[in-house]
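Given chain E, put chains Z and L in place with the hints provided.
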Amino acid sequence: MSKVLMKGNEAIGAAAIQAGCKYFFGYPITPQSELPEYMARELPKVGGVFLQAESEIAAINMVYGAAGAGARVMTSSSSPGISLKQEGISYLAGAELPCLIVNIMRGGPGLGSIQPSQTDYFQATRGGGNGDYRLVVYAPANIQEMVDLIIEGFDVADQYRNPVMILGDGMIGQMMEPVEFKPPKKRDLPEKDWATTGTGGKRKPNIINSLYIAPEDLEAHNIKLQAKYKKIKENEVKVESYNIEDADVVISAYGTTARIAKTAIAKLEKEGYKVGLIRPITLWPYPYDEFKKINPSCKGVLTVEMNTGQMVDDVKIAVEGKFPVHFYGRTGGMVPTPEAIIENVKKICGGEI
Amino acid sequence: MTIVFERTKGLTDVETHYCPGCTHGIIHRLVGEAMVELGVLEKAIGVAPVGCSVFAYNYFNCDMHEAAHGRAPAVATGIKRVHPDKFVFTYQGDGDLASIGTAEIVHAAHRGEKISTIFVNNAIYGMTGGQMAPTTLVGQKATTAPGGRSEEHSGRPIRMSEMLATIHGAKFVERVAVNTPANIRKAKKAIIECFKVQLEGKGFGIVEVLSTCPTNWGMTAPEAMKWLEDNMIPYYPLGNFRRPEEAE
Amino acid sequence: MAKGKVTFKEDICKGCELCTTVCPVKIITMDRSKINAKGYNPATVTDMDKCIGCANCATICPDVVITVERFK
Chain E
1 MSKVLMKGNE AIGAAAIQAG CKYFFGYPIT PQSELPEYMA RELPKVGGVF
51 LQAESEIAAI NMVYGAAGAG ARVMTSSSSP GISLKQEGIS YLAGAELPCL
101 IVNIMRGGPG LGSIQPSQTD YFQATRGGGN GDYRLVVYAP ANIQEMVDLI
151 IEGFDVADQY RNPVMILGDG MIGQMMEPVE FKPPKKRDLP EKDWATTGTG
201 GKRKPNIINS LYIAPEDLEA HNIKLQAKYK KIKENEVKVE SYNIEDADVV
251 ISAYGTTARI AKTAIAKLEK EGYKVGLIRP ITLWPYPYDE FKKINPSCKG
301 VLTVEMNTGQ MVDDVKIAVE GKFPVHFYGR TGGMVPTPEA IIENVKKICG
351 GEI
Chain Z
1 MTIVFERTKG LTDVETHYCP GCTHGIIHRL VGEAMVELGV LEKAIGVAPV
51 GCSVFAYNYF NCDMHEAAHG RAPAVATGIK RVHPDKFVFT YQGDGDLASI
101 GTAEIVHAAH RGEKISTIFV NNAIYGMTGG QMAPTTLVGQ KATTAPGGRS
151 EEHSGRPIRM SEMLATIHGA KFVERVAVNT PANIRKAKKA IIECFKVQLE
201 GKGFGIVEVL STCPTNWGMT APEAMKWLED NMIPYYPLGN FRRPEEAE
Chain L
1 MAKGKVTFKE DICKGCELCT TVCPVKIITM DRSKINAKGY NPATVTDMDK
51 CIGCANCATI CPDVVITVER FK
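Chains as they are written, first to last, in the working numbering: chain E, 1 to 353; chain Z, 1 to 248; chain L, 1 to 72.
Hints in this document: simulated from the structure, not taken from any laboratory. All values reported here derive from a predicted model rather than from experimental measurement. One or more hints might be untrue.
[What the hints assert, rightly or not] Computed, partial: chain Z to chain E, Cβ under 7 angstroms:
no., residue
1, I45
2, A68
3, A74
4, G78
5, V82
[Stated by the list, open to error] SDA-like, lysine to any residue: derived pairs with alpha carbons at most 20 angstroms apart:
no., chain 1, residue 1, chain 2, residue 2
6, E, K202, Z, V36
7, L, K9, Z, P20
8, Z, K43, E, K238
9, Z, K186, L, T21
10, E, K204, Z, V40
11, L, K72, Z, K9
12, E, K202, Z, E37
13, E, K202, Z, E223
14, L, K9, Z, K43
15, E, K204, Z, K43
16, L, K38, Z, R243
17, E, K202, Z, P20
18, E, K202, Z, L38
19, E, K192, Z, D13
20, Z, K226, L, D49
21, E, K204, Z, K186
22, E, K202, Z, K226
23, L, K5, Z, P20
24, Z, K9, L, I12
25, L, K26, Z, E223
26, L, K3, Z, E6
[What the hints assert, rightly or not] Which bits of chain L does chain Z cover? Going by a derived footprint, with three or more residues having C-beta under 8 angstroms, they are:
no., segment
27, 5 to 17
28, 39 to 45
29, 64 to 70
A virtual CB, placed ideally from N, CA and C, is assigned to each residue, including glycine.
Chain E extracted, bound-state conformation (with noise of 0.2 angstroms):
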C-alpha cells in the first residue's frame, strides 16, 4: 500500500476505521477535534456511528455500553476532557470492556492552555480512576508509529479485556507526515461471548458489571485483574533503545519530546559524546528491563519531558540507584529545545550536575 500524507489527529481515525473500529463517541475539545471531524465524515461510509454527545462523561459511558455491546469503539478527548472521562475509564477497566481512548495532551492543570504538553503522564499510568487499576498506554513519537499502534492496539484491548489510551501530544496531532496503514501482527483473538447482545433465548443473561458487593469477590476480582496485568507486562512492552550499552549519558523521553532528543543526540554525537537514548513506546507496562542493559559507568539518566517531572519517577524506578538521574523539562506549552538538552548532557559529562 502507498504512502498518504496525513495530519496526526486525521490519521488517528484511518488507522481506527482500518482497524474495524466502528463507533465513535466523544465530545469536542481543542486540540483533537479534527479526529471527531474525520469520523462524523468516514464513519457513517463505513456503516459506523459517529455521535457527538452532551459531554465527555456521557461519551465515556457510551463507550462503556457499546464496548459492553460486543463492538471495536473508541472515544478520543484532551486532558481536561481525559479528566471527566475517569468515572468511566474506571469503569471499563473494572468490568474488563475492550477499547480505545485517545489523550492528545494540552497543558494543565485545570483548564491550562491548549498548547502540547505530557502532563498528564501520571493520569494515565497511575490510575486517573478510582480502584487497583491499570491501562495499556501507548505514547507514539511519529505519525506512522501511532497509526500502527492504534491498529495493534484495538487488537490488544480484544485480546485482554482491557482498555487501551494513546497518549500524544499536540504536536503529533497536528504535524503532518506520510504514513501507510499495515495488518498488524496475527493475534488469536477471544471470542466475545460476554457481550450483551440479547440472549436470544439461547444462553444465560450477559451481565456487564463492576460492583462486587461481598469482600471476598472483590478481592478475587481484583486477584483475576492483577494477573492479567502480569501478562500484559510479560507480553505487551514496547521500547526503542539506542547505543545504551556504550553511553556516558543515557537520554530517556517518550513521544515528540524524543524527537527533540534524538536531535540533541545526533548533534551530540558530531562532537564525540557518547549519548544513548530509551525511549519507552508503552508506558504502561513501563520499559523498567531496558534500563538495565545500560552501561555500568555511564555517569547519569537525563529525563526529558513536557512536564515538570513525572516519568522521571519510574525512571528512578528502573535504574534502581544505579545512575544519577536528571530531570529537564518544560511545560506550560514551551517545548524544549535540542540546545538546552545538550547543555544538560555536557554537564552531566563534566560532572556539574
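Quick look at chains Z and L alone, frame taken from chain E:
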C-alpha cells in the same frame, strides 16, 4: 382451574434484596411482564443504575449492564447504537435520574434515542440511607434535611416528566403510581405503551413511577402507600404528558 | 364455593402486609404463630372458600410471593 397470576419469566428466580414493602419489586415485575407480553425478553438489554436498584441486573432475566451513577441513558445509547434492532431500557431512581444524571436523561430524550426508561421516584435517596433527593417534597424530612426540605434553601422538588415532555425527542412521557392494585394495572399499561414506542422506532419513552420507601420514610408499607397518595400524587400529578402523535 | 385460590410461597414473604390491605374479602392476615426462613411473619389466608381470585394481593406483592388461580 386457570392460573391467572404467577411469577413472570421476565424475572430471574433470584430473591430481591429490597426492604419489606419496597415497591421496586412491583415495578420490576411489571417491567418483566411487559417484556414477556411484548415478546422482547430475548432481545432485551437493560441498564441498571446506582441506588437501591443497583442489583437490578440480577433480577431481570435478560442481558444487563450496570452503569455508573446517572449514566444509564448514555450507556443505553452506546448499546442501542450498536444494536438498533434490540430492545434497550434503563431502570433508574430519582437520585440517579433527576440529580446526578440530569444531563444524560435530558440529552437521551433530546436525541430521540430509541430507548425506554423506567424512572422510579420515591422522593428520597434509599441506598445511602435517606438523604434528600431533588424530588423530596417541601417539608419532607430527610437525613440531610433534618428539619424537612426548605424551599428557600433547596428549592421545590423537580418534576422530571413535565420537563422531559417539553423535549421534542421524548415521544412518550407518563407518570403512574403503584400504590393500589388499580394504579399498578395502569402503570403496566403505560410501561407496555412506552416500550411499544421504542419497538416502533418512534423515539425516546419514559414512565415515571411514584414509589415508596417505607424504611427511609419511617413508616410501615401500608402507611407509605397512603403517604404516597396523600402527599406525592398532589404534587406529582398522574397522567400522560406526551404520546407520539402529540409530539409533532 | 370459592371462585379462586391463592398460594403463598411463605418462605420468600417479607411480611410487609400490603396484600392484607387490598383483599376485598379480607381473608389475608399475617401469621403471628410462624416465623419464616427470612425471619418474618408470613402472610396467610384464613378462609380460602371466600377467595374470589381477583389477584389484588398478587398485584401489590413486591416479592412475587403469590400465585392466583381462578375456577372456571
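Consistency of the hints with the structure:
1. This hint holds: I45(Z) has a C-beta 5 angstroms from the nearest C-beta of chain E, less than the 7 angstroms allowed.
2. Interface hint at A68(Z): satisfied, since its Cβ lies 5 angstroms from the closest Cβ of chain E, which is below the 7 angstroms cut-off.
3. With 7 angstroms as the threshold, the beta carbon of A74(Z) comes within range of chain E, its nearest partner Cβ sitting at about 4 angstroms, so the hint holds.
4. With a cut of 7 angstroms, the hint placing G78(Z) at the interface with chain E holds, because the nearest CB-to-CB distance is about 3 angstroms.
5. Given the 7 angstroms rule on beta carbons, the hint for V82(Z) holds: about 4 angstroms separates it from the nearest Cβ of chain E.
6. Taken as a hint, the K202(E) and V36(Z) pair is honoured in the structure, with Cα atoms around 16 angstroms apart against an allowance of 20 angstroms.
7. Annotation: proposed proximity of K9(L) to P20(Z) holds, straight-line Cα distance about 15 angstroms (limit 20 angstroms).
8. For the hint linking K43(Z) to K238(E), the alpha-carbon distance of about 42 angstroms lies beyond 20 angstroms, and the restraint is violated.
9. A threshold of 20 angstroms between alpha carbons decides the hint, and for K186(Z) with T21(L) the separation of about 19 angstroms falls inside it, so the pair holds.
10. Taken as a hint, the K204(E) and V40(Z) pair is honoured in the structure, with Cα atoms around 15 angstroms apart against an allowance of 20 angstroms.
11. Note on K72(L) and K9(Z): the hinted pairing is violated, with a Cα-Cα distance of about 25 angstroms set against a maximum of 20 angstroms.
12. Distance hint between K202(E) and E37(Z) is fulfilled; the C-alpha atoms sit about 19 angstroms from each other, no more than 20 angstroms.
13. A hinted pair counts as satisfied when its Cα atoms are at most 20 angstroms apart, and K202(E) with E223(Z) does not qualify at roughly 44 angstroms.
14. For the hint pairing K9(L) with K43(Z), the CA-to-CA distance comes to about 30 angstroms; that exceeds 20 angstroms, so the pair is violated.
15. With a C-alpha separation of about 12 angstroms, the suggested pairing of K204(E) with K43(Z) holds against the 20 angstroms cut-off.
16. Between K38(L) and R243(Z) the CA atoms are separated by roughly 43 angstroms; this puts the pair beyond 20 angstroms, and the hint is violated.
17. Distance restraint check for K202(E) and P20(Z): the Cα-Cα separation of roughly 34 angstroms exceeds the 20 angstroms cut-off, and the hinted pair is therefore not satisfied.
18. With a C-alpha separation of about 18 angstroms, the suggested pair K202(E) and L38(Z) falls inside the 20 angstroms cut-off, and the hint holds.
19. Between K192(E) and D13(Z), the direct Cα distance comes to roughly 26 angstroms. Violation of the 20 angstroms bound is thereby established for this hinted pair.
20. Under the criterion of a C-alpha separation no larger than 20 angstroms, the hint pairing K226(Z) with D49(L) is inconsistent with the structure, at around 29 angstroms.
21. At most 20 angstroms may separate the alpha-carbon atoms for a hinted pair to count; K204(E) and K186(Z) exceed this at roughly 31 angstroms.
22. Using a Cα cut-off of 20 angstroms, the hinted pair K202(E) and K226(Z) is violated, with the two alpha carbons roughly 44 angstroms apart.
23. Between K5(L) and P20(Z) the CA atoms are separated by roughly 24 angstroms; this puts the pair beyond 20 angstroms, and the hint is violated.
24. In summary, the hint linking K9(Z) to I12(L) is supported, as the alpha carbons are separated by about 17 angstroms, within the 20 angstroms threshold.
25. About 18 angstroms separates the Cα atoms of K26(L) and E223(Z), which keeps this hinted pair within 20 angstroms; it holds.
26. For the given pair, K3(L) sits about 17 angstroms from E6(Z) by alpha-carbon distance, which is consistent with the 20 angstroms threshold.
27. For the segment 5 to 17 of chain L, the stated coverage by chain Z is satisfied: 6 residues place a CB nearer than 8 angstroms to a CB of that chain, which reaches the threshold of 3.
28. Residue count for the segment 39 to 45 of chain L with a Cβ under 8 angstroms from a Cβ of chain Z: 1. That is fewer than the three needed, and the coverage hint is violated.
29. Taking a C-beta to C-beta cut-off of 8 angstroms, the segment 64 to 70 of chain L contributes 6 residues in contact with chain Z, enough for the three needed, and the coverage statement holds.
Checked against the numbered hints given earlier, the structure breaks hints 8, 11, 13, 14, 16, 17, 19, 20, 21, 22, 23 and 28 and satisfies all the rest.
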